[in-house]
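Student: Spelled out from the first residue to the last, the chains are:
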Amino acid sequence: MNTELKEQLKQIVVTEFDLSDMGPEDIQDDDILFGDKFGLDSIDAVELVFQVKNHFGVEIRDMKEGRPALQSINTLAEFIQRRLAQ
Amino acid sequence: MKRFSPVAISGVGCLTALGHDLDQCMEAMFRGERNCGPPTRLSNPVSLDYPVFEVSPDFSSAQDREGSSGVRSVQLALTAVEEALRDARLSGPELQNRRVGICLGATVTGSLKHEGIPEAQGANKPEYLTPEQRFLLTSPVLGIANQYRASGPLQTIVTACSAGSDAIGLAAQWIQSGMCDLVLTGGVEELYEITYNGFVSLMNCDTRPCRPFDASRNGLNLGEGAGLLVLESEQALGQRGGRAKAFVWGYGNSSDAYHLTSPSPEGQGLRGAILEALEVSGVGPERIGFINAHGTGTLDNDALEASMFREIFPETPFFSTKGYTGHTLAAAGGIEAAFTVSCLERHHLPPSGGFSTPDPELPASPIQSSLKVRADFALSQTLAFGGINSVLVLGGEKEA
Chain A
1 MNTELKEQLK QIVVTEFDLS DMGPEDIQDD DILFGDKFGL DSIDAVELVF QVKNHFGVEI
61 RDMKEGRPAL QSINTLAEFI QRRLAQ
Chain B
1 MKRFSPVAIS GVGCLTALGH DLDQCMEAMF RGERNCGPPT RLSNPVSLDY PVFEVSPDFS
61 SAQDREGSSG VRSVQLALTA VEEALRDARL SGPELQNRRV GICLGATVTG SLKHEGIPEA
121 QGANKPEYLT PEQRFLLTSP VLGIANQYRA SGPLQTIVTA CSAGSDAIGL AAQWIQSGMC
181 DLVLTGGVEE LYEITYNGFV SLMNCDTRPC RPFDASRNGL NLGEGAGLLV LESEQALGQR
241 GGRAKAFVWG YGNSSDAYHL TSPSPEGQGL RGAILEALEV SGVGPERIGF INAHGTGTLD
301 NDALEASMFR EIFPETPFFS TKGYTGHTLA AAGGIEAAFT VSCLERHHLP PSGGFSTPDP
361 ELPASPIQSS LKVRADFALS QTLAFGGINS VLVLGGEKEA
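In the order they appear, the protein sequences are chains A and B.
Under the working numbering, the first residue of the first sequence is numbered 1, with each subsequent residue one higher.
Under the working numbering, the first residue of the second sequence is numbered 1, with each subsequent residue one higher.
Only chain A is shown next, with the shape it has when bound in the complex (with noise of 0.2 Å):
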């Protein structure tokens, strides 16, 4: 898999989310995103929607996409590169 691929979103996740107390190394590959850990709830997911779109132009069109390619760093990565492929 695209591991750059995967830096850049865990930098954009950290950025974005403003995780003040965490870095890009502290995300791993198949941690929930929306969950516990990092505090993130669904009025995140959507501004994450809005990044992809902005950093890869690859758009998730609603949530019933969303939420499976959301899940974590892997299923976004492989989403981003599926729909990058098409």
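Simulated from the structure, these hints should not be mistaken for lab results.
Quick caveat: nothing in here was measured; it's all calculated off a predicted structure.
By construction, the Cβ of each residue, glycine as well, lies at the ideal position given by its N, Cα and C atoms.
Any given hint might turn out to be false.
[Said to hold, decoys possible] Just a few of them, taken from the derived set where beta-carbon distance is under 7 Å, the chain A residues facing chain B:
#, residue
1, V46
2, D62
3, M63
[Said to hold, decoys possible] So the derived label-pair ranges between C-beta atoms look like this:
#, chain 1, residue 1, chain 2, residue 2, range
4, B, K2, A, R82, 50 to 60 Å
5, B, S216, A, E7, 31 to 41 Å
6, B, S43, A, R82, 34 to 44 Å
7, A, G57, B, H259, 27 to 37 Å
8, A, E47, B, K2, 38 to 48 Å
9, B, V46, A, N2, 50 to 60 Å
10, A, I43, B, R243, 44 to 54 Å
11, B, E266, A, N54, 27 to 37 Å
12, B, G386, A, N2, 18 to 28 Å
13, A, K64, B, R149, 43 to 53 Å
14, A, E59, B, K2, 50 to 60 Å
15, B, R31, A, E7, 50 to 60 Å
16, B, S370, A, R82, 37 to 47 Å
17, B, R243, A, E65, 50 to 60 Å
Let chain A serve as the given structure and place chain B on it in line with the hints.
Tutor: Leaving out everything else, chain B in the frame of chain A:
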């Protein structure tokens, strides 16, 4: 918990994308009509991809009346009030000698519709009063009070999507406390940029006509309209020889204290509101003949409601009408209370709008075809942003 003494509903009025009065709406619903399309009245929509349920333009002569000031929400509310009073066999002058309260749910008017004020003030323009005056004129409660010279109290409830139900619950308490002889209550909503663009941005809207509780559901569609009830004290009703169509038997309200927009997945808030409404009404869950669910068509809302129905009302038929009207936000509680009263009277439930395929992930499914039900009591349920849950128990008979 103190028992709620039932409050008479003597008249009902409603208009939605289905039609311009309650009977038109009900008949169109039983025919399965879903009148939605791209928004036509919004000046600055972020997208036209998300269908909405608009009230067709020729809805009433109230548009031209003095009281409406050309404001759509006021026009919608006045049209529904007029029908509700006609249904209650009350004329405008008959309201003069009574203590008449008005308690309505609304989100757009009275709270959101203030565009132009900051810009005008920022530019220090002398004409900045104009948008402020317009803002004040957008209050449907004031519009109705002016039209009928109502003495008050007057109140607009702004608890988002549960505001219509909350208004009815509060209005019933005004009657119970002896504060009013009669209250005009329910909810009103017009389609508007802030709500449309907001729901689209939050990824809550479906690009297809919404499908509450369906396996393929993927969000809500917005709608507009008004639903009004005339609540009357027993004494006032008796004095004029009026008749109750139904009664508000109970009202329960709770907060999830969980999240700004998502309902608590464990459902403790919704469960609390349902159990409170049942307890204060003295009606056990087995006596609830049907449930008019909130059923917006979003993944979370419908999952939560289905799990609560499975838990508390395992055998009770339920349906959502939002597949026919869209989600009318603050009007939903008023409109759905009106539909519920009509279903109690007709002993007939419409098929759940937009539902065709049960979702294997949900523990309960709504009715797929119309159903004849002789019910003494029914639940009308609404959930709102902020984790607000509001539940009304409505019933046809006075003696429990």
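Student: All hints, please: hold or fail.
Tutor: Hint-by-hint comparison with the structure:
no. : hint                         : verdict
1   : V46                          : holds (6 Å)
2   : D62                          : holds (6 Å)
3   : M63                          : holds (5 Å)
4   : B:K2 <-> A:R82: 50 to 60 Å   : holds (58 Å)
5   : B:S216 <-> A:E7: 31 to 41 Å  : holds (37 Å)
6   : B:S43 <-> A:R82: 34 to 44 Å  : holds (38 Å)
7   : A:G57 <-> B:H259: 27 to 37 Å : holds (30 Å)
8   : A:E47 <-> B:K2: 38 to 48 Å   : holds (45 Å)
9   : B:V46 <-> A:N2: 50 to 60 Å   : violated (32 Å)
10  : A:I43 <-> B:R243: 44 to 54 Å : holds (48 Å)
11  : B:E266 <-> A:N54: 27 to 37 Å : holds (35 Å)
12  : B:G386 <-> A:N2: 18 to 28 Å  : violated (40 Å)
13  : A:K64 <-> B:R149: 43 to 53 Å : holds (51 Å)
14  : A:E59 <-> B:K2: 50 to 60 Å   : holds (53 Å)
15  : B:R31 <-> A:E7: 50 to 60 Å   : holds (57 Å)
16  : B:S370 <-> A:R82: 37 to 47 Å : holds (44 Å)
17  : B:R243 <-> A:E65: 50 to 60 Å : holds (53 Å)
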